Amino acid sequence: MTRVRIALVTAAACVASSAVVWTAGLSTAGAVAGSPSWTVQRAGWDRSSSPTIADVNGDGVNEIVIGHQDGLVHVINAATGQDIPHWPQPAIVAGSTATAVDSTPAVADLFRDGRKEIVVGVGSLWVQHQQGGVVVFNADGTRHCVFRTQDDGNVWANTGSPDGYTEPVFSSPAIGDITGSGYPDIVFGSFDSHIYAIDRNCNKILDFYNEDSVWSSPALYDIDGSGRKSILIGSDQAPGGIWNGTGGTFRALKWAPGFPGNSQILWSHQLNDTVWSSPAIGDITGDGRVDVVVGGGAFYNGSDGHKVFAWHADDGSALPGWPVTTGGATSSSPALGDLNGDGVADVVIGSRDGSVYAYRGNGQSLWTRQLTFNNSSPGGPITGSPIIADMTGSGHNQVGIGNDWGFFVLNGQDGGINAEPGIWQSYEDAGAVGNFGPAGWKLILANFNTPNHTSQLLAYSIPPPRVAPPWPMFRHDAAHLGGPVGTNLLPPGYCKRVTLNNHANPASAHGYWVVGAQGGIYALSGAPYYGGATGRAHGSVVGIAATHSGAGYYLLDAAGDIFPFGDARSLGSMAGYRLNAPIIALAPTPTGRGYWLLGRDGGVFSFGDAHFYGSMGSIRLNAPIISMTATATGRGYWLLGADGGVFSFGDAHFHGSTGSMRLAAPVISMAAAPSGAGYWLVARDGGIFSFNVPFYGSLPGIGLCRPPAGAQIRPTLTSHGYYLLAVNGRVFPFGDALPGGSTPPLEWFNPATDLAIRP
663 MTRVRIALVT AAACVASSAV VWTAGLSTAG AVAGSPSWTV QRAGWDRSSS
713 PTIADVNGDG VNEIVIGHQD GLVHVINAAT GQDIPHWPQP AIVAGSTATA
763 VDSTPAVADL FRDGRKEIVV GVGSLWVQHQ QGGVVVFNAD GTRHCVFRTQ
813 DDGNVWANTG SPDGYTEPVF SSPAIGDITG SGYPDIVFGS FDSHIYAIDR
863 NCNKILDFYN EDSVWSSPAL YDIDGSGRKS ILIGSDQAPG GIWNGTGGTF
913 RALKWAPGFP GNSQILWSHQ LNDTVWSSPA IGDITGDGRV DVVVGGGAFY
963 NGSDGHKVFA WHADDGSALP GWPVTTGGAT SSSPALGDLN GDGVADVVIG
1013 SRDGSVYAYR GNGQSLWTRQ LTFNNSSPGG PITGSPIIAD MTGSGHNQVG
1063 IGNDWGFFVL NGQDGGINAE PGIWQSYEDA GAVGNFGPAG WKLILANFNT
1113 PNHTSQLLAY SIPPPRVAPP WPMFRHDAAH LGGPVGTNLL PPGYCKRVTL
1163 NNHANPASAH GYWVVGAQGG IYALSGAPYY GGATGRAHGS VVGIAATHSG
1213 AGYYLLDAAG DIFPFGDARS LGSMAGYRLN APIIALAPTP TGRGYWLLGR
1263 DGGVFSFGDA HFYGSMGSIR LNAPIISMTA TATGRGYWLL GADGGVFSFG
1313 DAHFHGSTGS MRLAAPVISM AAAPSGAGYW LVARDGGIFS FNVPFYGSLP
1363 GIGLCRPPAG AQIRPTLTSH GYYLLAVNGR VFPFGDALPG GSTPPLEWFN
1413 PATDLAIRP
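With my numbering applied, the sequence shown covers 663 to 1421.
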């Protein structure tokens, strides 16, 4: 067994000092303070728990979540550096004693009720005789549930005999739906030689026996388009064991009831060293296909421990030009992001030779930078992981990474050292960059000092990034999904779109807005940004509609509340009313001086100059109402049922429906041509049905193609095309629709819910 490695994990050799210095490089951007906004020093080590940035208390402002070897989990106000009310909390697995935390906390809404939970692995090779496992906290600091790992032997003496203590979880949990239940699950590896998945109540749902310890943190991605996320993770490999080798293994696993441990291997690679690195997923070649990138480890001193690997995530085939070899072991976890401005994600990873390596997607070196103190003194080995973000406000991404001597901000284009914040400390974790509302954007760092046995948490003010940060924290995001990153990503398993008569017309749209379920707005193709409802909505945001002028928009949440932005003005809402069914849609009048709200039971509510022309609210339906579209005159509207039935009111004319058709997938959205001639229906598999209007193309879910999880359809301003919005934020243009932008790939906790075309 190879889990006993305390002597092999790099120990920091920092001198005793609390000085924090910024060099001139980053300060020349003109908006970065020369010293931290605040510094918090604590006794004991925060050795490898990285800061996670998330809105824990639901106030619309992000906090900092981090663990410590004293067993406390902190949720920190980024404006003050102090814990928010009810925090910190001890990570207790059994009894009353807190367990040391080396894992990085993950944050997500496990119950999809609008409230966040914190999930953290506990146990440490640096602190003896403690119970290991995973703890799930509620946002108010109460402990929701606990999962205990197995006691399979004394990790200190490696006797193989139980010592009364369950094994540590160094792996940072990832949170995503692996069963297709609609609720997220929790996935992690353990030093008890198992890879686990547990549900939101800490019940075990997957147990893969690896036979040796697991340091690597999982990445989760739906690689086969099944609607269930697969698990991508590295591990150690015991000599002469059941996996027949010495070194490590990288696997793609999936939840599969009936298989041993409810786990099935999709593909795997046996490597000539351990895999301590955690994988990153994204498109690094620009072909729309998702790739997985991972480093090696440093136990057997095998050749593969000094390499970086890249495979296609769907079948495990190697990318051309990979693996690449560095000058030292690559137990650091890679980060993905566009460094040279060519629109394609690059790969960055640290090495134990003290250098940072950046590669293009074809495996060619972009640059290599040895980290030195003040460009002269040699630095130490790199075991922490990089982040990628525009930390200078330059419009170009930089790389942030630490070693045994300090933290460095490197120019993404050539690897030059821009800044050295937090020197004379050791960084075996990752930094984090985030927007903290009134407190602004900050770079958050956590370090420790070996001789003094102390830790620091620091916050540096930075300018707002001019490009979206592609890898702002350890494991990419608060749920620790590990990506994906890429501007060209096709949804997993989706068909390529089929288009007819596609001739883009500049008059077809003046940009558009996409809204996510959490209320965030993505202004695309030139549409201006006027604000969002993140942290303010009651439940999910379910709709967006542009104002008549195009200089604003309305957002609608499931409680029927309206949020106006730009020149939009609230004319009333259903907030506070007792409703028979949730509000699901918003349709403005052509004048911009009114709107209708639609309930799932078919009830219609009129505001401003919107007139009531009838509803299905009092009628017994075969299927619930799911969509509403107003006529071009504003003197009528159509309602769409989930069975494809179309109901016409006012001057809306019935042109047909799919109510009597046998469909491969149910209809989910409707859009009327601005000319008023007819309408389109879209099915869950991306198929389009045209009634008295031309067909311009679809996303057919046939053959080996997997259907999208959902879509919205919106017509162009000319009526000669339309846009389809998938729940992952990808926008597909058809007819004369201008090809434009899509959101960053969105996940289950924040799906795209609606699209509004700017008039």
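Rather than coming from a laboratory, the hints here were simulated on the basis of the structure.
Treat the hints loosely; a few may be bogus.
[Stated by the list, open to error] So the derived label-pair ranges between C-beta atoms look like this:
1. GLY948 - GLY1276: 47 to 53 Å
2. GLY950 - HIS1115: 47 to 53 Å
3. THR987 - THR759: 41 to 47 Å
4. VAL1129 - SER1232: 30 to 36 Å
5. PRO1100 - GLY1005: 18 to 24 Å
6. ASN1024 - GLY1078: 19 to 25 Å
7. PRO1286 - SER1322: 16 to 22 Å
8. GLY743 - SER1280: 45 to 51 Å
9. GLY1078 - PRO1113: 27 to 33 Å
10. GLN744 - ARG1198: 21 to 27 Å
11. TYR1239 - SER1310: 52 to 58 Å
12. ALA705 - PRO982: 49 to 55 Å
[Unchecked claim] Pairs of lysine to any residue, SDA-like flavour, derived with a Cα cap of 25 Å:
13. LYS969 - GLY989
14. LYS969 - GLY990
15. LYS969 - THR1030
16. LYS866 - TYR845
17. LYS866 - ASN934
18. LYS866 - ARG805
All values derive from a computational prediction rather than experimental measurement.
Glycine included, each C-beta is placed from N, C-alpha and C at the ideal position.
(request) Please name the hints from earlier in the document that this structure breaks, with their numbers sorted from lowest to highest. (result) Hint check: 5, 8, 11, 17 fail, others pass.
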